[in-house]
Amino acid sequence: MLTLKNISFRYRGRPAWILQNFSFQANPGDIIAVKGVSGSGKSTLLHIFCGVIPKLINGYFQGDVFIGNTDLAELSLPETAPHMSLVMQNPDLQLFFPIVEQELAFAPENLKLHPYEIEKRVAGTLSELKIGHLRYKETANLSYGQKKLVTFASLLTLDPEILLLDEISAGISSTGIEIIVDILKKRADSGKIIIIADHNPLLLGLAKKTIDLDEINNGPDLHIQ
Amino acid sequence: MDPIFTFSDFSFGYLKHELLFHDLELKVNSNSVTLIQGDNGSGKTTLCNLMSGLLTRHKGQFLLENHNMDKLSKKDISEKVVLLKQNILGNIVAATPEEDLIIWQEKFRRKCSEDDNEKRMKAFQLYNMEEFLLKPVWELSHGQIKRITLAALLLNSKKFWILDEPFSGLDSKLISILENTIKDRKNKNFGTLIVSHRSEFHTDFIDEIYRIENQGILKV
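In order, the protein sequences belong to chains A and B.
The first sequence maps to residues 0 to 224 in numbering that gives the first Met the number 0.
The second sequence maps to residues 0 to 219 in numbering that gives the first Met the number 0.
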């Protein structure tokens, strides 16, 4: 279970509140869509979920985030990652190994899994996403869409309980999106919480719950300081 | 209709033994809207980069209007075509939206006209950017940065546009603004090439659709 309690946030030096007294709860198996016009705070909200706000990004932050009964404030970012992890919009910010296979093996290696299990996750994910041909390719030479698929794959090999996806569909072919949709359905059925900020109708269509930032931002609460 | 780009017997690969395009035949019209589709890694971005002169060393014939691409300088090419890169930060050269568009106007053109300020403001207004004109780029969201690049395109209205995934990260309102801009251009005989995965296009303004497959390109 993922809970936001009375979250307020605005960036330092900027008067506008992105969120004010916002509360939300997600249960295992939930797929949640984050909607809103460009600049409404979709990425900001994902950063709050995973703790990058307030731990890395400064600003005025109030409220609590809980994973189950654990207060996120008590966990460091590396301690949070196995529970909850984010695929960022720009894949270049997230890939840091020369070879795709190394990128995918990094997370399960850090979880100290048995080499057999690491191989199982890497090979399984590659075949699930139908990108087996990329396994020994250099990450720097991949196309934008391939890089996005590899960052998504590295989230799958980490296998956190909560998956945060920021514009995962950008640059992905329609076949690729169908594959991603299938994977997300399966993960939700197995009890994962999936939070999607996207504009793609197929992905948004998966969601049973929606956080509509336009609605929240136009609500009466926001203007009371 | 005059082709702006002509590929004939064209081959290109990043590695000697791995061709991305082999014997490609393609004509891109200068005054129509062309859509290019293809799987991830099939070479869509590569094609855009070739057409804007960022990649060289191809084999076969490759013409911009009637000139051999090999013989043209980057400057010659950039006077005819403008590229919107997929990786949006690759399009930004300045610290704020305002500065970025001023650089487009002052540095990349031979002459500056008096109505530059007005043109710039019009571009910003179209994409609802007045609020963050003077904000540093690193405080902007992905979608806001994308809007800078779309506004900058408007200052290059007389060039052929090559747009690599222009719609990704845009909400539906911004998508329709961009679509309308492309339609308006077409009515004024300025063409656009779009690389996109979107399938739900209002196809009324797209003249030709191609799909990259098996190192070649097929008309859809």
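The set of hints was computed from the structure by calculation and includes no laboratory data.
We put the CB at the ideal spot given by N, CA and C, even for glycine.
Check before you lean on any hint, since a few could be wrong.
One-sided excerpt, in silico: chain B residues whose CB lies under 10 angstroms from chain A [what the hints assert, rightly or not]:
hint : residue
1    : GLY37
2    : GLU138
3    : HIS196
4    : LEU217
Hint numbers contradicted by this structure: Going through the list in order, the structure violates hint 4 alone and respects the others.
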